[in-house]
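Student: Let the sequences and hints guide you as you build the complete structure.
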Amino acid sequence: MSGSLVPARRRGLADEVADRIRDAIFDGGYAPGSQLREVELAEALGVSRGPVREALLRLEREGLVRSEWHRGATVTTLSGEDVAELDSLRAALEHLAVELVVERAGDDALAAIDAVVRRMERAAGEHEMVRCDLEFHDAVYAAAGHRRLLEAWHAIRSQVHLFLLTRIGVATDGYLAGIPAEHRELVAALRARDRETALALFAEHRRHAFEILSGRTPAGVRAPGPPPS
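The numbering used here puts the sequence shown at residues 54 to 282.
Listed next, with one range per pair, are the computed distances between beta-carbon atoms: (1) GLU121 - GLU174: 38 to 48 Å; (2) GLU93 - ARG114: 16 to 26 Å; (3) GLY81 - ALA234: 17 to 27 Å; (4) ARG172 - GLU249: 25 to 35 Å.
It should be emphasised that the hints constitute simulated quantities derived from the structure, not laboratory data.
In this text the structure is predicted, and so the values were computed from the model without any measurement.
C-beta: ideal position from N, C-alpha, C; glycine also.
Tutor: Structure follows, in structure tokens:
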């Protein structure tokens, strides 16, 4: 059987290109709806178009990029349906994660969550705060000690990052000041092993971002319905 296998290709360069483009999206260099032209990306990164094409396909699988025959590749613009689906799926995963953390997380795992909150308090801008927010949830899922749950989180993590970037694109009033305080409350509930309070606080944390996005339709958030022609 092994004689019928095609030798594996090294994909290191395409992976690195994907990392660079992803970082540029997450740093605000490419806003939702921005075109990602292969020729321009290849020139900027000093590579051929092949690795760029592979990288864009990978980012499309992550949900960060969408390709249309008449527009090419663009940074995903979340529709109202996208926002609702991400919120509901995240809620289901996070409910289980919080229950498991309350039930069995050790002191080291809780300390790792605490450490992210301390980094939040030093965040210099909105994009850095969003990264810290994602790292906080990384730490919560890791503390849950459930491998498949962690894998499910990683499958939507890039889209949740885009969700949070879109949220700060709508409104930033009080964001830098308020987010660390919210997360300190979340950690306190986890440390107290208070299941009901922790679940309620995590739900409220999600609800605030969801209401900001679902309540308006500014640039970067498209209301539910057919895509523009």
